[in-house]
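Trainee: So the chains spell out like this:
2 protein chains.
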Amino acid sequence: MSDGLQILPVRGIGDVTAGDDLAELITNAAPWLADGDVLVVTSKIVSKAEGRLVEVPADGPERDEARDRALASETARVVARRGPTTIVQTHHGFVMAAGGIDASNVDKTHLVLLPADPDASARALRAGFAARGRDVAVIVSDTMGRAWRNGLTDVALGAAGIAALRDHRGEIDPYGNELSLTQMAVVDELSAAADLVKGKRDRVPVAVVRGYARPEADDRAGASVLIRDTASDMFSLGTAEARAEGLRDAARLPDAVAGVADQAAVDRALTLVTGVLTPGTGITAGAGTLRLTPAGAGSADLLRLGTDTHRVRVALAAEGVATVLTVDDDGVTLSLGGTA
Amino acid sequence: MSDGLQILPVRGIGDVTAGDDLAELITNAAPWLADGDVLVVTSKIVSKAEGRLVEVPADGPERDEARDRALASETARVVARRGPTTIVQTHHGFVMAAGGIDASNVDKTHLVLLPADPDASARALRAGFAARGRDVAVIVSDTMGRAWRNGLTDVALGAAGIAALRDHRGEIDPYGNELSLTQMAVVDELSAAADLVKGKRDRVPVAVVRGYARPEADDRAGASVLIRDTASDMFSLGTAEARAEGLRDAARLPDAVAGVADQAAVDRALTLVTGVLTPGTGITAGAGTLRLTPAGAGSADLLRLGTDTHRVRVALAAEGVATVLTVDDDGVTLSLGGTA
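Chains as they are written, first to last, in our numbering: chain A, 1 to 340; chain B, 1 to 340.
It should be emphasised that the hints constitute simulated quantities derived from the structure, not laboratory data.
Just to be clear, a hint being listed does not mean it is correct.
Where chains are identical, the list cannot tell them apart; a pair therefore holds if satisfied intra-copy or between any two copies.
As the list claims (entries may be wrong) - Subject to a maximum C-alpha distance of 20 Å in a straight line, what follows is the list of computed SDA-like cross-link-like pairs (lysine to any residue):
hint, residue 1, residue 2
1, K108, I227
2, K108, A244
3, K108, A127
4, K108, A29
5, K108, R123
6, K108, P174
7, K108, G14
8, K108, T271
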């Protein structure tokens, strides 16, 4: 049992203000810091030392307005909104409630923003320790919410001197299977471990992990490799926001056809609109087409056929079937294609 | 520096098979286990001891089919699909790729399912240690992916003898601010910490966290309190899936009005459809209504007005504006209401 890890709190750092030398403060508070240690520093004190503060009124609607302005300036895009909660992607790429802006552990006339470049902050801190003769890895951590799970955990915003991921690809288990769970976000796990000895009230903003065999570091990568790019993120938008986008897509449905429609998809689409089309609207399937005809000869029948047509087109689009619409005096023809 | 935590690997547990007494195996491997320790046990060996295995062919299409059947039986609902990846919510409520089914660290003719009730497994294990005179908390952990962040981390599926959340609500920081980050998922953080000393190749499936001041436990709650209920989850569906639902909503748009329409929302909707409506289609705003008229007197003009009408209705729905459609021989009237 001698080969485990220790997670050690660093106490006595005290209040941090703009311009403070964090490496100096931490070395003084933890003279026992040793080569090979992983230092996990709460982003809050990094932001304070770097002067990443915004002055705001202490209360009233002016405070809310100032807070909204700060959020807007930190926001690259809004991911999801519900009630008072706004989850955004920051300019760094982090997906966080309120863009990581925090009003705790700071006087009431300031808000604390995230460090502008947490990997650069981690590198600078690591260099500061190196200058004092200590070879330590540095992680800049913050608290984040998650999809699907209640409660928050600490994760890494920045890192230096340690690879963010431990890659198990190619490893073979004792049964001869290649491992399928391949890349562990170890800097996030180290941040979580450090939080277990930290105090949320800023009294212990730093912890040291001792005894961890760091994966090979590429200092240029840092923790930013943990940011999933939006295109490959299956959850890049909130459910409600994505659903509203689907409605907007429906409103602006383009006339485009590519590939060949899948009959099962067409059948699912027609089942979907069963019961919402005008009684008497005719639908006849041809070769790669659907022909829609009105319930009667009146103007209202033609108008209704028009709304039915767009319902059918949208239902097909939901199944990935694109359509081209041709209108004549007796009805409409939809040519069916591939991916909408 | 004496008040930190230790994370200790438990080695020498060896192969676990159905019917094994895990408390016995772990006590033998870690005779140094002490009161107050938090034991983090990889769900894989819990599943094996509980016989949660499915027999499958070692290879070929039959193996894939058997795997699909196992996934279907573990799945409560599909959350997102892309390429070979299927993320589902299991019957327990966990959102996991492949429903947590794993083929590693088991012979090629079996798949390992998650424990049927990980909180119950944790309680049973804790009772097993209590019977051997050790008062320890037990966490059953597994590896999960996350939205927005690359890499995996270990989290808690089950827990006993420890509260899953540490609640900071009501605490005041040194500046007099009430803390806003309130509930930390400490059993997830303990699971992540334990993973740092575990081996992915099953050689170290158990770790002990020593020195952690456990939050008050309510044994009935367990780790299941960390499962966010779908209704309050802003990311209950994948973005592509939610967008497709939006399209389906558009196809089945109901005739219903509640509340009063917001003029700004109506304006946004009309801006959205600019350029996709038939040239000449007239839109006139009245009191709580929109009147749409055809570009000309022909049948095709009426049909086109019908499709335009549904585009406008869907654009309004995307902005939360519900509509009731009234058709007459000269055009259509949309009565505008509140939340669609």
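Trainee: All hints, please: hold or fail.
Mentor: Results of checking the hints against the structure:
no.: 1; hint: K108 - I227; result: neither (31 Å within a copy, 34 Å between copies)
no.: 2; hint: K108 - A244; result: neither (37 Å within a copy, 45 Å between copies)
no.: 3; hint: K108 - A127; result: neither (33 Å within a copy, 48 Å between copies)
no.: 4; hint: K108 - A29; result: neither (27 Å within a copy, 53 Å between copies)
no.: 5; hint: K108 - R123; result: neither (30 Å within a copy, 45 Å between copies)
no.: 6; hint: K108 - P174; result: between (57 Å within a copy, 11 Å between copies)
no.: 7; hint: K108 - G14; result: within (18 Å within a copy, 56 Å between copies)
no.: 8; hint: K108 - T271; result: neither (58 Å within a copy, 42 Å between copies)
Of the numbered hints stated above, those contradicted by the structure are hints 1, 2, 3, 4, 5, 8, listed in ascending order.
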